[in-house]
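> Build the complex from these two chains, which are given one at a time in their own frames, with help from the hints.
Protein chains in written order, with my numbering: chain V, 1 to 332; chain D, 1 to 215.
Because the hints were derived from the structure by calculation, they are not lab data.
Only a predicted model underlies this, so the values are computations on that prediction, with no experimental measurement involved.
The reader is advised that the hints may include incorrect statements.
As the list claims (entries may be wrong) - Just some of the chain V residues that point at chain D, by a computed CB distance under 7 Å: (1) Asp-59; (2) Ala-203; (3) Leu-303; (4) Phe-305; (5) Pro-317.
Note that beta-carbon positions come from the ideal geometry of N, C-alpha and C, so glycine has one too.
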Amino acid sequence: MRRRCLALLAALVVAQADPALAYLKFGVTVGGRQVTLKWSQTPVRYFVTNVGVPGVTADDFQAAVGRAFATWHAVATASISYQLAGATNAVPGRDDGLSTLGFLSRPDLDRVLASTSFLVDASTGALLESDIFFNSAMPWSVSPGGDASRFDVESIALHEIGHFSGLGHSALGETELRAGGGRVVLSSEAVMFPIAFTPGSTAGRRLKADDIAGISDLYPADGDASTLGTLSGRVTKNGSGVFGAHVVAFDPATGSLVANFTLNANGQFSIGGLSPGPRIVRVEPLDDADIDSFFDPERQIDLDFRVAFADRVVIVPRGGDSGEIAIAIVAK
Amino acid sequence: MLCVALSARDARAQPAGAAPGRLEVSGGGSWIGRTSIGAADANETTPSNGSLRLFTTSSDLAAAPALDVRIGVRLLRTIAVVAEAGYSRPDLRVAVSGDTENGAPVTAVEKIQQYTIGAGVVWYVPAVRSARLAPFVEGGGGYLRQLHERALLVQAGRYYDIGGGVTYLLSTRTGWMKATGVRVDARAVVRIDGVAFTSGSHTAPSVGASFFARF
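For reference, chain D alone in the conformation it holds in the complex (with noise of 0.2 Å):
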């Protein structure tokens, strides 16, 4: 906030668009969602092929800050293409309880290292446009890849995201760099494969913030 009160001045003679042709690189940090990724009851088969339950499980992908990454180029005023990287270092987390034979519950952790890849397209809405702010809807998707402890094993995926959210310009110049300003967004995080015990889609929150520069 102290970085937006300091340089609003500078932004006011300049609109929060960009010309075609501009890049855009930003770096910055999200909260991603905790997630759940499945349960599942350990069986045995009774002689009726019946089942009887020795325990039960509940999976999930707990909450956790990640890196981010974007370069963006716009394609128009409105409409800009991003190329986009993520790093985060979730816990995989699988709750044990409802032992037959009165198993203390426990929460089994392993800590996942993922690493996300992929593009986008971000759409600028003209309508609600001011000097220095510029709303936002952007979706995409790419390439998921999670790494469990000690790399013993990978497990890929991919994923897709869609939000939206407001860039704010902190500065305008005239030199190489011709803006600064930083860029909030909110978005679902849809994962597919990768660690997870039930196929299928596996949804997640993601708020973030980074700063951009604009070339």
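Isolated chain V (complex conformation) (with noise of 0.2 Å):
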């Protein structure tokens, strides 16, 4: 038995009770278990469009996925690789049993300019396939530099391609309302942050340390789960555990970012595929996108408190858990 499920329908599973999943994965339920959605063989096969669009052709089209995928690839601390089967005149879409990448014209779909969906076996819970289309309706380029007036394929390819993965999306990201409605990104720094650049931006060609602490954590290369750390804890406000509050572990020394959400109703949260070090930890509302964009709407996530740090330095061990540590915040 077969089901098809859209990728941000199944981003909402990942709400569960297991604070050590770590990251926003998918996830099927498969007989009353939660079963996380990953490839379970690579190379990960797949094919391309061989139709392309005004200002991309079927070869630039297949350049820049390719890029994109071999930026996945070239994560040392992860073990997923893909191969591409070769080009295709399938659409993206069909449970054809091909994982496809294509363009689909879709204008209904005003503000997607792409979408990850899957095919898994409901009985076992293994990813057969997985199709992302690009929205021929919005303007396409594959312009080294970019295009001020067109959205740039290589950038969307790699967001889709961690969902394609089994990614779900980061909430490290800025943004600000628009007076026409939707949001603004005034900066991100994960790939897998739910809302593109403005047309003509190329800065998501490159992986951040949350995409690469995601992927790590889903595919660990070997040996890696014993070099990387993680790192865990409690947000509670009044007394009782936060759900949904978005934790950041900063590294000092790099600069870096990774982040992840209390994901039960203790407030429990982790955050794993780090390297050792010291960090030091904020606790945040999600006001930054759209929640359903992260949990089922139907969860309530308390967005009503104060941006809070904790109060000691925090070690994230090599190949252990920080152990736990507790935030406490307050309402605004």
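As structure tokens, then:
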């Protein structure tokens, strides 16, 4: 028995009770238990469309997508790899057993640049297929320096391939509301931030520490389980656990930011795939993106608290856990 | 100071410098000053590949007392080689400020255990030596081992120091212990690697005092 689910819907499954599952990963319920959605065999084979759109030929598209796959593949601390299986005239979104990347015209989705979907064996939770569609109703570019009026294929592909690999969204970004609705991104420090940079930007072509930690946690390279560490703890308000607080770990030695959420009612969180060393921990409300980009909208997310820092330097050990740190937050 | 006054009479008859081959053992304490170990901003990338600062940090190893032991051997009347070890527990302090969403400034703290083991050379300045007082210049270096709380992580590096001071004989004897005295010094301690958030060297002042016995 097979079933299909869109990436954005699958992302909602991640609000699990087990905080040891770091990062927002996709998951499915099989036999009453949560199974993390990930590829069981690598290299993951993918096909690319042989149809272009204005401004982007099929060859351009294949090259840009290939660079984005290569960027993920180059993460030294992760084991996932990908292989181009060939060009195809199949369109993404069909349950044909082929993981396909290509264009679809969806003018009705006027705020969706691209989306990733999965085909999952519901009896085992095995990932069978993942397709990425790029909305050809949007203007696209593969210009090396970006095109001010078009979205960068490579940047958007890099984000979607993160989903394709099993990663959910990251909330490491700052936005402001736009007058006509929606949000404009002021900054982000994760390719997996759910809102794209403005047209013309190529800043999303490079993975950030948060992306690298996430893919390394999902597909640890041989031996890295003993070299990378985890930071965990609990966020409370008035003595009670806080669900959905955004917890950011800052490395003063490298300047890197890696984040996750408190993922249960006890306010517990865990951030894995971290290089050993001291961290500064910051807790903030999820106020820079739509909550349903991360969580089931039926879940109650506490947004009424002030930004706070842990009052101690937290140590990420090599191959171990920091031990639970406690951070108390107060209402605005 | 009381010890110096009581024993000064015994010391007058002997030169402050020791004969080659003499062993000197000392133990005491020192104060190691604050060391800045880096400042870093938490930045996010803007669409134009610029930076937006979320908050800023400034880090240091706070001043802390230390325990020191040394064993030295006189090679010449004016030259000694020493092996030394030290222990201290400085605070790692990271001051966080300037949060873009008005998070209250905080100084995050963690206790470090710091061990050093090394060697050095001491040159006793002959021109200004008196019967009890022996000024010296010293330099050395060695291994630095810093443990974070609960020994969750060990960070290693090396250190170098250079400075000077004086030894002051309190007493001289004719038995197996030839003399006792006090030693005060001031040094610049340069740490490389270990707990630091920027590469390169980090320097702290240090002043110390110890008792020594000469055999």
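> Sort out which numbered hints this structure fails and list those numbers smallest first.
Violated hints: 1, 3, 4; rest satisfied.
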